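Q: Protein chains in written order, with my numbering: chain A, 36 to 190; chain B, 36 to 190; chain C, 36 to 190.
No lab work stands behind these hints: they were computed from the structure.
Hints should not be assumed to be uniformly reliable.
Copies of the same chain look alike in the list, so a pair counts if it fits in one copy or across any two.
To be verified - With a straight-line Cα cutoff of 25 Å, these simulated SDA-like cross-link-like pairs (lysine to any residue) come out:
#1 Lys176 - Val110
#2 Lys176 - Arg80
#3 Lys176 - Glu79
#4 Lys176 - Pro153
#5 Lys176 - Ala75
#6 Lys176 - Ala104
#7 Lys176 - Val151
#8 Lys176 - Gly121
#9 Lys176 - Arg119
#10 Lys176 - Pro99
#11 Lys176 - Arg103
Everything numeric in this text was worked out from a predicted model, so none of it was measured.
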Amino acid sequence: MTTETLDRPATATDADAVADEAAYIQIQQFYARQMQLFDAFDAERWAGTFTPDAVFDLPTLDRPVRGRAELAATVRRNRAQAVRGGEQTRHWIGMLDVRPQADGTMHTRCYALVYVTPRGGEPRVQRVCVMEDVLVRSRGKWRTRCRLVTRDDLA
Amino acid sequence: MTTETLDRPATATDADAVADEAAYIQIQQFYARQMQLFDAFDAERWAGTFTPDAVFDLPTLDRPVRGRAELAATVRRNRAQAVRGGEQTRHWIGMLDVRPQADGTMHTRCYALVYVTPRGGEPRVQRVCVMEDVLVRSRGKWRTRCRLVTRDDLA
Amino acid sequence: MTTETLDRPATATDADAVADEAAYIQIQQFYARQMQLFDAFDAERWAGTFTPDAVFDLPTLDRPVRGRAELAATVRRNRAQAVRGGEQTRHWIGMLDVRPQADGTMHTRCYALVYVTPRGGEPRVQRVCVMEDVLVRSRGKWRTRCRLVTRDDLA
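Hey, can you work out the whole structure from these sequences and the hints?
A: Below is the structure:
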């Protein structure tokens, strides 16, 4: 884990602060589309939902993924694997908590499920994770600047 | 599959368009209630969440279900089956993407899960699906005019 | 079951009434945070999301849990159990239906899933439930005054 490299501010935020209603909806819509692009292996458009300098960290990576080119490459590897494996994967988030920050960013924390369905077979829940993002808004859109995913099975 | 019979417009929509916040909430509320009516086998009220001329297509049907009488009959068959089988089914949607159209309709695309729980037993995820609707608003309510469900195991 | 002790009004509500959009978002945010506090075993802050006189009923309890001290004690028991069992539990709600009442409270009905992940193992869906709350708003916050959870496997 390399969380020390992430630019998540160390300052505590008001435990009771919530996003205003419009922002909360925008962020729900943002994640719905981001997850659908990921599962459709739409590498470039998915990478475009991150900032150019985004950092994506997972406990099983040697080092965080950095920037859109590396992010898109991850999706292309997933696509190749899915074609070989004949499985359909769906990423699903919920229990979305959004905390507005003094600098205008949003810190989100949600649960993330990964469902996998083999062709002709029964689906299964492959992973239960917690996903924490720093979101920034520019030119009318939210984008992920920083993501940390932790897996319940490795906790 | 009989998707050629569905009245989904062939024209491409702006890839970045999102529903306004109020509509997005209304549609979330609409689906929550529609799914609960379906799982409660409330045939008439569930059929009433579709337009009178609605078309519902599933890959495992010989032909799409058309109109409220046929929709309600589907629910009554489900109820009879559930009584025999002693299982409780729950339909759950998520990752809801809503795209407003020039004609005032909304095109939605979301993931749909089916959970089944036998009496006295462990629940399981029976299906992972993608659900695509055309929604129309009339007299203050959203209704489904056209639905296409695809199953990940048959993809 | 002791539902006769719950203060759920017996009067029928308009079958078509829905919460206004702002309230619906607030309640989504409320539940996201409440479930995350529960799964993090944050006993006091979780109990604080209920009214001081709250009643929480489950089919497997001899009698409903009453008040914040009893609610917090439940979380501390869960924590001790989780430490022994080495499992991570996640509570996840969806298909949230919210019905405004004449007295200013909100009656909610949603589905609730419980995912359990053993350390180093595969996750599973442990429970599928229906959760019904009476929510009240005071000092700018929603709180649960009354909760009834029913399990699909015991239905």
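Q: Now look at each hint and say whether the structure bears it out.
A: Now for the hints, and whether the structure bears them out:
1. Lys176 - Val110: Only inside one copy: Lys176 and Val110 sit 22 Å apart there, 39 Å across copies, limit 25 Å.
2. Lys176 - Arg80: within (13 Å within a copy, 33 Å between copies)
3. Lys176 - Glu79: So Lys176 and Glu79 pass the 25 Å test inside one copy only (16 Å; across, 37 Å).
4. Lys176 - Pro153: neither (35 Å within a copy, 38 Å between copies)
5. Lys176 - Ala75: within (21 Å within a copy, 31 Å between copies)
6. Lys176 - Ala104: within (20 Å within a copy, 43 Å between copies)
7. Lys176 - Val151: neither (30 Å within a copy, 35 Å between copies)
8. Lys176 - Gly121: Neither way: Lys176 and Gly121 sit 34 Å apart in one copy and 40 Å across, limit 25 Å.
9. Lys176 - Arg119: Answer is neither; intra-copy 35 Å and inter-copy 45 Å both fail.
10. Lys176 - Pro99: within (24 Å within a copy, 38 Å between copies)
11. Lys176 - Arg103: within (16 Å within a copy, 40 Å between copies)
Of the numbered hints given earlier, the model fails hints 4, 7, 8, 9; all others are met.
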